[in-house]
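Here is how the chains run, residue by residue.
There are 2 protein chains.
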Amino acid sequence: MVISKNMESLVAGSSVIRKLFEEGLQMAQVVGKENVYDFSLGNPASPVPDEVKAAINDVLANNSEAYVHGYMKNAGFDETREAVANHLNKSFAMDYDKDDIIMTVGAAGAMNCIFRAMLNTDDEVIAFAPFFGEYKNYAANFGGKLVVVPASLPDFDLNLDELENKITEKTKCIIVNNPNNPSGRIYPKETIEKLNEIIVKAEEKVGHPIYVLCDEPYRELAYDNTPVPYIPSIIKNSIYIYSYSKTLSLPGERIGYLALSKEADGYSELIGALVVANRCLGYVNAPSLFQLVIGRCQDVGVDLDFYDRNRKLLYNKLTELGFEVVKPEGAFYLLVKSPFEDENEFVELGKKQHIIMVSTTTFGCPGYVRIAYCVDYKMIERSISAFERLAIECNIR
Amino acid sequence: MVISKNMESLVAGSSVIRKLFEEGLQMAQVVGKENVYDFSLGNPASPVPDEVKAAINDVLANNSEAYVHGYMKNAGFDETREAVANHLNKSFAMDYDKDDIIMTVGAAGAMNCIFRAMLNTDDEVIAFAPFFGEYKNYAANFGGKLVVVPASLPDFDLNLDELENKITEKTKCIIVNNPNNPSGRIYPKETIEKLNEIIVKAEEKVGHPIYVLCDEPYRELAYDNTPVPYIPSIIKNSIYIYSYSKTLSLPGERIGYLALSKEADGYSELIGALVVANRCLGYVNAPSLFQLVIGRCQDVGVDLDFYDRNRKLLYNKLTELGFEVVKPEGAFYLLVKSPFEDENEFVELGKKQHIIMVSTTTFGCPGYVRIAYCVDYKMIERSISAFERLAIECNIR
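In order, the protein sequence lines correspond to chains A and B. Sequential numbering from 1 applies to the first sequence in this note's numbering. Sequential numbering from 398 applies to the second sequence in this note's numbering.
Since the hints were derived computationally from the structure, they do not count as laboratory data. Any given hint could be a false lead.
What the hints assert, rightly or not - Ranges of calculated distance between the beta carbons of each label pair, as one might list FRET restraints: (1) B:Ser-665 - A:Val-206: 28 to 34 Å; (2) A:Asp-299 - B:Val-428: 34 to 40 Å; (3) A:Asp-299 - B:His-605: 54 to 60 Å; (4) A:Gly-207 - B:Leu-550: 46 to 52 Å; (5) A:Tyr-267 - B:Pro-585: 34 to 40 Å; (6) A:Leu-25 - B:Asp-455: 22 to 28 Å; (7) B:Asp-492 - A:Arg-389: 44 to 50 Å; (8) B:Lys-487 - A:Arg-309: 44 to 50 Å; (9) A:Asn-86 - B:Asp-455: 33 to 39 Å; (10) A:Thr-168 - B:Asp-455: 52 to 58 Å.
A virtual CB, placed ideally from N, CA and C, is assigned to each residue, including glycine.
With the sequences and hints as input, model every part of the structure.
Take a look at the structure:
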């Protein structure tokens, strides 16, 4: 074995989602791209907003290339961090300044920085199922352990009663992903307030801060005007994590940030360590051109209708066909309950119809499949007859 | 302490170079930018080549935005990896194909991926002094330990006799940075051949492969036609690491790659783990636009004259002034021997003249200062009178 011990299992269980995505590409080569209904990946199909394209041109045309493509502080360009702080202050009545913002290589980069800065070997990170499976690997990179609070079914709310039992002296942080990938659930203000009470009590008991990592790349993807509470305004020890991947359709560019309020316990120590982590994990800084671009696009919204149309079509059609569907309130994922005990059987039957769906086992919540509907509307239309055939194969029709 | 134990020392000894860079920015606000001679950072001042600018426009104009800014395989775009493989094959008579190339977030990202994939707790990574101080942190991120082979003085060659004593059963890899930062030394083919002999013998003894990490962001910066040997063509178990930061003046964009030859021991296992590491360290993929850009710029060279002019001016003037200067063969750094036993005294005296130089203590080789001459020629011209005053202050003139 030339690879490290804790890498072995990771490679063995390597991202099911990524594997399906690559399988979909292969399938497309055989049967044609238009005949594959790939719902595997959160790769947003909504066009990059015109404002972003204009900002790319503006940054390239009106700044010295040494500025645009050069090194800056490890935390990012001052102008970008100031724009982000202003945006958060305006949107959520917060009081950030630029020093509270660190530009990161997406939300995944932010989370790795946080774990690098915080975790000792065997420290614990709590996640609520269903959760993005990579959280486990992010913690494992630095010897940390992901502790899972089982899903609250069938409502997919935060399972707060179970949370209390999971907090130990080793607990360093708790991840809350709102709106949730993969359930599409939006946790309301009341739930977050209850979460706060539990954490404040627990912090007193364990004698150290427990940080809530607010993983919110889907914040703007909230349908039917459902409000998404801003957790750092409710829970003091919060680290807000954002990515432009989903809302501005820039996932490949790896641009996001984290924000830490000065009121959080251990602020100075933590923010210093986070900047160092950003450097020494080899990110060095978030990609420079896109830092400047998103600095100019703070008020650019997501094309919510693009995804809402998809959501409605899929939810209505799949329900009509007899599938049991969890209606998403936010994000761009939809869960379908597997008609079989082992949802992998359902995934395989789907593949026969060239429908690519992801089992929720890696999300810590078996029994469902995830459909990422961040795709072209026409692909969903084309897929309906395939879902019809799938419903027949599953004997639910 | 809210931060992890092994982060504490890291924050305490946080990058001296970065601190100086930020000190320089502050100094500029007080005395004016043109009166600060900041030689701290390897931030290349040579203009971004026109071919790169044309490639940015070409990629943006002639590809779908979903392709340019979207997710691709974690290892990178096939077209880019193919272009890189072809370039290496043509340049060094190698036999790479695209699957042997992983696009990374700069060379620092590549190195973190390698350490994540390879290192168990307490595994050892060997570096030859003087070395880029961040290597130590990259290894420490994953519980690894940097073992330093002391510098060979005054020639700054690889200290191969000492290497033999440092290899143990815990040794997983050896970093060779050629041309070297900070010494500017280029290790010739004969040295690499001798290194190969030592490694082959050691591998037999320890019973596992020892990989040479060829950290070569400065490869094209070789003056006076000094040849830079391509290590993977000499040492079988090599991982080649490259970054476009220095040669194409794109350090902020975070774009580089690693290449692993199929002939290397454990190839399949290792390349698989490296792709997973790229994903789970939160890089996910190297920034997408710049992957496509550099794929189109494989034959774009560095403006060598830009740096050679700087090298000559500084070397000649500082020598004239009585400083003891190590003449660089490559890269864009120059070492000056400190006139005082503690080179920090020299650094501080420099600051008084608004000259920002970096102590080599963090490079594992005290007694010198590093001058990064990847700056504007005019700044060097302006700095000469400040160096004159510094020479007087140091009593060497």
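Consistency of the hints with the structure:
1. B:Ser-665 - A:Val-206: 28 to 34 Å: violated, 44 Å
2. A:Asp-299 - B:Val-428: 34 to 40 Å: holds, 38 Å
3. A:Asp-299 - B:His-605: 54 to 60 Å: Holds: the Cβ-Cβ distance is about 55 Å, inside 54 to 60 Å.
4. A:Gly-207 - B:Leu-550: 46 to 52 Å: holds, 51 Å
5. A:Tyr-267 - B:Pro-585: 34 to 40 Å: violated, 51 Å
6. A:Leu-25 - B:Asp-455: 22 to 28 Å: holds, 25 Å
7. B:Asp-492 - A:Arg-389: 44 to 50 Å: Distance hint for B:Asp-492, A:Arg-389 holds at roughly 46 Å.
8. B:Lys-487 - A:Arg-309: 44 to 50 Å: The hint (44 to 50 Å, Cβ to Cβ) holds, given that B:Lys-487 and A:Arg-309 are roughly 49 Å apart.
9. A:Asn-86 - B:Asp-455: 33 to 39 Å: holds, 35 Å
10. A:Thr-168 - B:Asp-455: 52 to 58 Å: holds, 55 Å
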